[in-house]
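> Note that the working numbering gives residue 589 to position 589 of the sequence shown, counting from 1, and the numbers run on in steps of one.
No lab work stands behind these hints: they were computed from the structure. Don't be surprised by glycine CBs; every beta carbon is placed ideally from N, CA and C. A couple of the hints might just be wrong.
[Unchecked claim] Taking lysine-lysine pairs in the PhoX-like style, the calculated list, with each CA pair at most 20 Å apart, reads:
| no. | residue 1 | residue 2 |
| --- | --- | --- |
| 1 | K412 | K445 |
| 2 | K366 | K394 |
| 3 | K163 | K127 |
| 4 | K1076 | K1031 |
| 5 | K775 | K820 |
| 6 | K347 | K500 |
| 7 | K709 | K649 |
| 8 | K191 | K366 |
| 9 | K167 | K29 |
| 10 | K1031 | K1016 |
| 11 | K820 | K800 |
| 12 | K1052 | K1077 |
| 13 | K29 | K113 |
| 14 | K692 | K718 |
| 15 | K775 | K718 |
| 16 | K720 | K775 |
| 17 | K43 | K27 |
| 18 | K1048 | K1031 |
| 19 | K554 | K500 |
| 20 | K815 | K834 |
| 21 | K286 | K265 |
| 22 | K1044 | K1024 |
| 23 | K799 | K834 |
| 24 | K394 | K412 |
| 25 | K347 | K412 |
| 26 | K1031 | K1052 |
| 27 | K434 | K349 |
| 28 | K506 | K484 |
| 29 | K265 | K337 |
| 30 | K1024 | K1052 |
| 31 | K366 | K434 |
| 32 | K484 | K1044 |
[Claimed, not checked] Label-pair distances were calculated between CB atoms; the ranges are:
| no. | residue 1 | residue 2 | range |
| --- | --- | --- | --- |
| 33 | T401 | Q82 | 54 to 64 Å |
| 34 | E385 | G741 | 35 to 45 Å |
| 35 | Q1148 | S982 | 38 to 48 Å |
| 36 | E465 | Y615 | 27 to 37 Å |
| 37 | D491 | K286 | 33 to 43 Å |
| 38 | D427 | P497 | 19 to 29 Å |
| 39 | H68 | A209 | 26 to 36 Å |
| 40 | D341 | D207 | 20 to 30 Å |
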Amino acid sequence: MDFVSPIIDIVSRLWNCSAAHRNYLCKLKQNVNALENSFMKLKERRDDVKERVHTAESNQTEPAKRTHEVSGWMQRVEMLEQEIESILQECVKNERRSYFCCWGRKNCCIGYKLGKIVVELLNDADKFCNEGVFQVLVDKSQPDIVREIATTQADIDIQNIQKQIGKLLGLSWSEETNIDDRAKDITEVLKNKKFVLFLDDIWERVDLATVGIPDLTKDSQEMINISRVVFTTRSESVCGLMEADTKIKVDCLQWGEAWILFQEKVGQQELTNCPNILEIAKQVAKECLGLPLALVTIGRTMASKTTLPQWQYALTVLQKSASEFSGMAEEVLAKMKFSYDNLPTEKLKSCFLYCSLYPEDYSIIKVDLIRLWIGEGFLDEVYNEGHDVIENLKGACLLETGFFLVNGDSVKMHDVVRDLAIWIVSDLGGKKGKYLTIQAKNKLKLHKWEKAEKISLVGNESIGELNGAPNCLNLSTLLLQDSKAQIISDDFFRSMPMLKVLDMSKMEISDCNKLPASIFSLTELQYFDLSFVYCKHIYIDLSPGTLVCLTKLKMLNFYCSNTFNWEVEGGPSLSELECLNDLNYLGIKIGTSHALQRLASSHKLQLCTNLLQIYRCQDITTLVLSPLSLPAASPISSLVSLGNMVGLKTLQLDCCWRLEELRIVSWVGMEDKATLFTSLEILQLFDMPELKIAWHVAQQSLFCFVNLKQVSIWCCPKLKDVTWLIYAQNLETLDLEYLDGLEEIISDGLAAKEKLKTTFSRLNSLSFFNIPKLKRICNHNVEFLCLEHIEVNRCPELKKLPFNTNSVIPRTLGKIEGDKKWWESLEWEDEATKSNLAPYFSMDFVTPIIDIISRLWNCSATHRNYLFELKQNLNALESSFTKLKDRRDDVKARVRTAESNPMEPAKRTHEVSGIRNEGESYFRFWGQKNCCNGYKLGKIVVEKLNNANKFWNEGVFQVLVDKSEADVVREMSTNRVVAMESKLEEIWKLLADEESLVRIIGVHGMGGVGKTTLLKNVNNEFLKRNHHFDKVIWVVVSQVLNIKIIQKQMGKSLGLSWSEETNIYDRAFDIMQVLKKKSFVLLLDDIWERVDLQIIGIPNVKITTQELTKSRVIFTTRSESVCGFMQADEIIKVTCLDWDDSWLLFQQNVSERALSFHPEVSELAIKVAKECLGLPLALVTIGQAMASKKTLQE
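Kindly generate the complete structure, drawing on both the sequences and the hints.
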């Protein structure tokens, strides 16, 4: 064996290794000199490359772009240069040190490290210098991988687009080269490339093939997978014309993003010059409503404003007339005007400008807007055309979907778009005042009305009276709808000779029951809307012969108003409407059977009636929806037929308590005639205790409700089913509530299976509420192709939904709402159906699991940091401790000042007391010295640091003391409940049960029966018994519903106050913020109609948050139907007293002494008490009156 060679090899390797390391120190000086030389050579090569690249990139005729290889090399060289310069400076500083001449001394270690770095940098410098020889420095064939192609004009210029594309592709043509030849050249280049084409700001369809863009829809796999075309446009319809596969809508910025952008353009220095500027700046930014162009323009303008008055003036200008703001007209409105100019018809432009009459952020109901457009003459009398106009304006981003209404039934204008419309109407700012909109809180300035052509007070809350007779000779439109002008002087309309459109809908007239007489002098009036007008009197009196003065009326609307005294003594006759030759649209409310018969028999009124409300027609027992001209063999006969009302779109039957039968009849061939069945879109049946629906359809008939889209039926207890809905094939919304007798929707055996397949094919909303006997929708499976929402509440017998494995769950389905117990009690034909539908019933299991995993993951790191970061945490704790003590002292001082005020005694809130007590206990603990080891001490420090920060943050109170909510409940002065202990106990049990599903309780009974006394005793029980509620609120509503008065009572109870100018929505928000965190009882006394609790600010007590599940609402009313409208979960009826209780109550109020002064008085008193028939109010009133009688004769 050869032992020598391996040994020699090992020794050689060791020698070479040690020599290399030895040279780091021994040859340090030579290596530094070599590094300097290599560094100079590398810089020279870098400069050569830079110069050549710069020359190529700046060539205008053949623009080029450096390659990625060159860019990467230059970046790496720059980084290396910095390292070499740094190390060479180090070497110069240490040139005289020992390690440059002797490696045996103590600095040899430092010299070794320096030498190693020098060698590494020398190798890198030589390597980069060799790499800096490039075959290709720039790419002339594709200077940019992508560059944007802009088409900034409304008229497409194909040659201009081709020129831009050609420049990017290295193509050029003479001016004589035609479009087709250019397109061929572009196609030849692009067909072999993977490209993305960006087209900016197109206004109409661009034919890509004509431009020369290869067809991306062909079967070339490479084209389909790689190449793309992306374009921007202002019109959604252009996306369709361009056959876009995906449409992306760019919305305005959210507030956080908008504020950041605004600050960037203004600059932080300008915003911090004055403490008050920041708040004004936020208001200015909010006026832009997230529109980036406006934020940038206004932000740049305000960047030079440094004083508070300048900012205040800018805000005033923006709110009053945005077009006057510096830069707005030129930079924002002028650019946005392209969208207006590009509208294809004058009709669209007029309709758009008209929307500027509505105030900022106002949601406009679509049908109301379309009706006004028709009244103005912008549209023909075709509602579908109006909907098309709205969609076109939305597609052009000039209108957007409104708030608060479902199914997209409203639209609104963005504030900046509204400013654009006002600017255009005023001839680009040159002629102001043509369209005058008096905003919600603005005051009346009649002198500004004189030059106006259209005036709007829509939603105005500040003007309560319209007095005088303004001289408005040019005025053609006056919109007063939804305003608070309750008083209008008799001669107000006297000097408006050209007025054509007058909208007074949704107003509240309180002063008298007559309309201003000057209205009937408006001889040019063509549109008059009084729908949903409320009057404190029973009805608005129309005198006979007044309407015939309005000879040019085309549209007249009294639907759901207090004007229904037709065909009564002293009231107007329907014959007056027949005399209006141009009348083609009528909305009307009928209150007598005679008037209904007159309406239904008038050929003219049959054709023009569009909206009909039949209200309290008590003489009608049968109503037929079919024409009376039936075949001789037909057995049908009826009192009133609506079948020939071929223009009727909305029919509402309300409180017709004696109506027993609603008949739906058809015969073969009737489907070819125009009848009510072909026009009706909305059917509403409310509060009719005797109503049944009878229907008969001939076997061979093709009958159906062609356009019926919405059906609502409430409080009709005798209905067993609504099988007739199988003939409403286009139904979209079905709402059934408080139907005690309803057992099924579609009765088994009465409907053919083939009809059922399409019965609910277009239904998108299905709602069942308080239908205790409802067992099924139908026995057969139904196809729900468009269903979005199902809501089922208080339907305990409904055990099946019409779905199985063969059913197709609609892609539109968003939510199934209902009680959890109901959902769990449902019976399913198979488990697959249940599992398929379960995701639509809101139950969240994922979030808790993720939370647990996250906690486990973070646990170990948290415990480790107790020890490792102890010192930092102690310093942080000391700082937080000082800050917390300062804040505690501030709060103490403020509370002490408020509580010691003798004029306004107050009590600190529970929140303040709780925080203060916890904080004090924390301070006591901090002083203890029981922390033993590092881990334990670290853990305690972290806990206390978190607590200190928590208490410091919580120490910022909006309300330190409560001047009005010192007690949970206030005692009410009342009499003792007589014979109502059982009712009181029943209500209290419902309140005491925290798990009860009864959230709203309705107490009804005749006037004087003791409802208010019972409710006051319920209120006082909270002072006697234990309960879980945080607050009990007492509110008196009364017959005239006034939201502000209700809110004022609630505000007083909750410690809230507002100025008179504060609108109901802001008040509602404040109330909601307080109550949503409380468990409360709201006691509403004496309501006469439905009260919208959410408008007042009451949170929905039927939702399942922890606090609100315990909250309750109790109300009293004289009408059981109001309990239905209020969606009461429990209805309690208060009846008159029996004789024993009546006599006891009467004796209490007369007194024992008054009854015993004469032997015969007792018998007379019994007779007097019996005359009261058990009515508590009568017993108390008469008893108290008789208490002072001292003679038998009295």
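> A separate judgement is required for each hint: does it hold in the structure or not?
Consistency of the hints with the structure:
At roughly 26 Å between alpha-carbon atoms, K412 and K445 are farther apart than 20 Å, so this suggested pair is violated. A hinted pair counts as satisfied when its Cα atoms are at most 20 Å apart, and K366 with K394 qualifies at roughly 12 Å. Note on K163 and K127: the hinted pairing is violated, with a Cα-Cα distance of about 45 Å set against a maximum of 20 Å. Between the alpha carbons of K1076 and K1031 the distance comes to roughly 12 Å, so the proposed pair stays at or under 20 Å and holds.
The suggested pairing of K775 with K820 holds, with an alpha-carbon distance near 18 Å, which does not exceed 20 Å. A threshold of 20 Å between alpha carbons decides the hint, and for K347 with K500 the separation of about 19 Å falls inside it, so the pair holds. Between K709 and K649, the direct Cα distance comes to roughly 10 Å. Compliance with the 20 Å bound is thereby established for this hinted pair. For the suggested pair K191 and K366, the alpha carbons sit about 49 Å apart, so the restraint of at most 20 Å is broken.
Taking the CA atoms of K167 and K29, the gap is near 56 Å; set against the 20 Å cutoff, the hint is violated. Only pairs whose Cα atoms come within 20 Å are accepted, and K1031 paired with K1016 is accepted, the gap being roughly 15 Å. The suggested pairing of K820 with K800 holds, with an alpha-carbon distance near 15 Å, which does not exceed 20 Å. Between K1052 and K1077, the direct Cα distance comes to roughly 18 Å. Compliance with the 20 Å bound is thereby established for this hinted pair.
Under the criterion of a C-alpha separation no larger than 20 Å, the hint pairing K29 with K113 is consistent with the structure, at around 13 Å. For a cut-off of 20 Å, the pair hint linking K692 to K718 stands: about 6 Å separates their Cα positions. At roughly 16 Å between alpha-carbon atoms, K775 and K718 fall within 20 Å of each other, so this suggested pair holds. Between the alpha carbons of K720 and K775 the distance comes to roughly 11 Å, so the proposed pair stays at or under 20 Å and holds.
Between K43 and K27 the CA atoms are separated by roughly 24 Å; this puts the pair beyond 20 Å, and the hint is violated. Restraint check for K1048 and K1031: satisfied, since their Cα atoms lie roughly 16 Å apart, inside the 20 Å limit. For the hint pairing K554 with K500, the CA-to-CA distance comes to about 10 Å; that is within 20 Å, so the pair holds. With a CA separation close to 14 Å, the supplied pair K815 and K834 stays within the 20 Å bound.
The straight-line distance between the Cα atoms of K286 and K265 is roughly 15 Å, inside the 20 Å bound, and the hint therefore holds. A threshold of 20 Å between alpha carbons decides the hint, and for K1044 with K1024 the separation of about 32 Å lies outside it, so the pair is violated. Distance restraint check for K799 and K834: the Cα-Cα separation of roughly 13 Å lies within the 20 Å cut-off, and the hinted pair is therefore satisfied. Distance restraint check for K394 and K412: the Cα-Cα separation of roughly 10 Å lies within the 20 Å cut-off, and the hinted pair is therefore satisfied.
Between the alpha carbons of K347 and K412 the distance comes to roughly 19 Å, so the proposed pair stays at or under 20 Å and holds. Proposed proximity of K1031 and K1052 is supported: the alpha carbons are some 13 Å apart, at most 20 Å. Annotation: proposed proximity of K434 to K349 holds, straight-line Cα distance about 16 Å (limit 20 Å). In summary, the hint linking K506 to K484 is supported, as the alpha carbons are separated by about 9 Å, within the 20 Å threshold.
At roughly 24 Å between alpha-carbon atoms, K265 and K337 are farther apart than 20 Å, so this suggested pair is violated. Distance restraint check for K1024 and K1052: the Cα-Cα separation of roughly 23 Å exceeds the 20 Å cut-off, and the hinted pair is therefore not satisfied. Simply put, K366 and K434 have alpha-carbon atoms about 24 Å apart, too far for the 20 Å limit, and the pair is violated. Taken as a hint, the K484 and K1044 pair is honoured in the structure, with Cα atoms around 12 Å apart against an allowance of 20 Å.
The hinted window of 54 to 64 Å between T401 and Q82 holds, with their beta carbons roughly 57 Å apart. For E385 and G741, the hinted distance range of 35 to 45 Å is satisfied, since their beta carbons lie about 43 Å from each other. Checking the proposed 38 to 48 Å range against Q1148 and S982 shows it is violated: the Cβ atoms sit about 19 Å from each other. Restraint check, E465 to Y615: a C-beta distance of roughly 30 Å satisfies the suggested window 27 to 37 Å.
Distance hint check for D491 and K286: the Cβ-Cβ separation is about 42 Å, which falls inside the suggested range of 33 to 43 Å. About 25 Å separates the C-beta atoms of D427 and P497, a value consistent with the hinted range of 19 to 29 Å. In this structure, H68 and A209 meet the distance hint of 26 to 36 Å, their C-beta atoms being roughly 33 Å apart. In this structure, D341 and D207 meet the distance hint of 20 to 30 Å, their C-beta atoms being roughly 23 Å apart.
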